[in-house]
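J.: Take a look at the letters that make up each chain.
Number of protein chains: 2
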Amino acid sequence: MKQSELFTKSFRTFPADEEAQGMRFLVRAGFVHKVMAGVYEYLPLGFRVLKKIEQIIREEMNAIGGQELLLSTLQDKTVWQKSGRWEDKVLDVWFKTKLKNDSELGLAATHEEPLTYLMKSYISSYRDLPIFVYQFQTKFRNEIRAKSGILRTREFLMKDLYSFTDSEVQHRAFYEKAKGAYLKVFSRVGLGDKTFLTFASGGTFSKYSHEFQTIAPVGEDTIYLDRKKGLAVNKEVLREEILADLGLKRGDLEEVKAVEVGNIFSLGARFSTDFNLMFKDQNEELKPVIMGSYGIGPGRLAGTIAEVFHDERGIVWPKTVAPFQVHLLELEKALGRKLYGDLQKAEIEVLYDDRKISAGEKFAEADLIGIPWRLVLSKKTGKKVEVKIRSEKNVKLADVKGVLRLLKNKG
Amino acid sequence: MKQSELFTKSFRTFPADEEAQGMRFLVRAGFVHKVMAGVYEYLPLGFRVLKKIEQIIREEMNAIGGQELLLSTLQDKTVWQKSGRWEDKVLDVWFKTKLKNDSELGLAATHEEPLTYLMKSYISSYRDLPIFVYQFQTKFRNEIRAKSGILRTREFLMKDLYSFTDSEVQHRAFYEKAKGAYLKVFSRVGLGDKTFLTFASGGTFSKYSHEFQTIAPVGEDTIYLDRKKGLAVNKEVLREEILADLGLKRGDLEEVKAVEVGNIFSLGARFSTDFNLMFKDQNEELKPVIMGSYGIGPGRLAGTIAEVFHDERGIVWPKTVAPFQVHLLELEKALGRKLYGDLQKAEIEVLYDDRKISAGEKFAEADLIGIPWRLVLSKKTGKKVEVKIRSEKNVKLADVKGVLRLLKNKG
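Chains A and B supply the protein sequences, listed in that same order.
Residue numbers for the first sequence follow the working numbering, beginning at 4 and rising by one.
Residue numbers for the second sequence follow the working numbering, beginning at 4 and rising by one.
What you were told as hints is all true, and nothing was included just to trick you.
In silico DMTMM-like pairs for lysine to aspartate or glutamate, Cα to Cα no more than 20 Å straight-line:
id : chain 1 : residue 1 : chain 2 : residue 2
1  : B       : LYS54     : A       : GLU62
2  : B       : LYS103    : A       : GLU90
3  : A       : LYS101    : B       : ASP79
4  : B       : LYS5      : B       : GLU352
5  : B       : LYS101    : A       : ASP79
6  : A       : LYS85     : A       : ASP277
7  : B       : LYS99     : A       : GLU146
8  : A       : LYS341    : A       : GLU8
9  : B       : LYS123    : A       : ASP20
10 : A       : LYS260    : A       : ASP224
11 : A       : LYS99     : B       : ASP95
12 : B       : LYS103    : A       : GLU107
13 : A       : LYS382    : A       : ASP345
14 : B       : LYS99     : A       : GLU107
15 : A       : LYS54     : B       : GLU62
16 : A       : LYS341    : A       : ASP402
17 : A       : LYS383    : A       : ASP402
18 : A       : LYS283    : B       : GLU8
19 : B       : LYS5      : A       : GLU62
20 : B       : LYS197    : B       : ASP314
21 : B       : LYS336    : B       : GLU8
22 : A       : LYS260    : A       : ASP229
23 : B       : LYS99     : B       : GLU146
24 : B       : LYS5      : A       : GLU71
25 : B       : LYS283    : A       : GLU8
26 : A       : LYS404    : A       : GLU352
27 : B       : LYS142    : A       : ASP79
28 : B       : LYS99     : A       : ASP79
Rather than coming from a laboratory, the hints here were simulated on the basis of the structure.
Work out the full structure: start from the sequences and follow the hints.
T.: Laid out in structure tokens, this is it:
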């Protein structure tokens, strides 16, 4: 797209009300806009990043058998009363509202209850199981203090997957698959090296739950990491008997700040018991469905990526989630237009800076926005194109056809 | 996908609490699930239809220069006070909620205010204009009575586009383009023949606004249609002087029930004045930005399509919005599997009914779900495949390769 048509522009200064440097770049470059504490709007550049992340997650959820659906925000009080989570003192992040007739509704902070209720219409036999469903849906959480930009917000997009299985064995098999899918997601968005499976407390139905924690100084969490083993525990479970159980030694653990980018829970029969979600097994015996839940917040992931991948000049997006693959800076009109046309023909996502501003401003803004490939054509470069990879230092002159071929193959 | 893995199943009976026949099919076939009056969940089949419609709208909005973004649901009271629409007596469909500190928030029913406010950061000169932005975002409207299934709900996905222009002339040019884009959308989803541009009252800033009304007995609206001219007026503007202005004659008008599937409004300087959203024109004179808004509800569109396209046995989806292109019924395992593999290889979206139920049940459910192409392979058909188009009566025997080729070309 032509940058002259993109309605956002970079601001000259950083926002006064953001602390984390990645977040400061996101606001300054026009990826997101703050509505109020804990509520952000995604502007075109940020929206593109969000959609890229969403699509990567979708592909991995589909690959493990997930079926996509879309539940509602507005929640029926009577459904939540069945699990005892309607009361604010039990679930303390509720936003509630009212119909005109004064009856109360909740805004969903999570979806175990409505989904368990829904499944009563569809699960009655072991033949109906397993079922894995997921959605990308906006969650609302009435946090007392919203902070860290888009890392912890009161309204956020969440991918939540729920598993319905006939036994601990069937549950465990999927749970391990989900772990693998999550690690693939974090690897594909560029956070693989910095994201660690972290043991957390499991509640009534399983020994542990698992978090995926990305090391970042801005993180709200503290984890204890065995780098060699690639495993961590969180504060809740930092106890001798648990470390022994996991084969970890206190002396090998490093205390680091991290952002929780995903979590997976075994729910056992907690909700199926509350909702009487039962199935008949092969012996015609009635048993409760065994459930699990699996969450990733695409917005938090975008924010984490910005915190992990930036330098003093701006963001350095991994190519899989960058808003565009190529930032083409026009220093000479005819040459720029020709290459823009060629890139479009090759179906390469390109932001074409065709604005009438100085070369220096264009270079600075390209660094700020952080698109992986920067291409510049000018009379100086002749028939060659100046290529700069955002994460590298050197600028190279290259043959236009060769660059097009390379981009088309590498995406 | 294999139908044995799809978690939804068709119910044997119609829902007791839905009146419209299309809606009754949608619930019975497992496209949607009712949470409460005016709130629905989209199950996998319904979600696929919703996404198809969304993508068609997205392509048409991009084609007229729309930039996609995502605004928030939670709304800041102070922003809405600027336009005077915070009060429930002014905007009577508000859902409101509260932060922990007791300060009030609104759930967005529309987005003129936050977007006008946002644009203050980005518009200052005529060079910044025009700007066209849109989103697919969930709206909340506290309707006293929600009815007609997914046609009028309290929570719904909406595509809302907003235009920001430097003059009535620039506004009008885009407004006409948007009209064209809307007609393309309705045509692409199969409603072209039944959807009419309808003149409605325009408010302070323009003579008329425009609705797009689809003729359907289930419609809540009454329009007065000149079929020959392909134009209609709604009740508000059914007055002699207006008919004369539009070149319509009362005698040529037919009174019909219709569903409003889209609407476009000229907003003039209403919001830019409230928010002081001004720009400097070429003579350095300060002028208010001229705005327009343009809405389509993808869920309502899905519901309208189901009302318009069904017969006594089920839904008859237009192929552009069908959840799958092909419904392959397995009557003989080896043959079915082979063709399923071939269809997948050819990247044709196929629902493969591999369940161990009777042929009669499979045929009945195929009619109920309403996928455009039904393919059946059995020992009886030998090397040929039995092809039935959902909207046609006849069943044909055809060569497998020929059918694959045809599907690949026709989509």
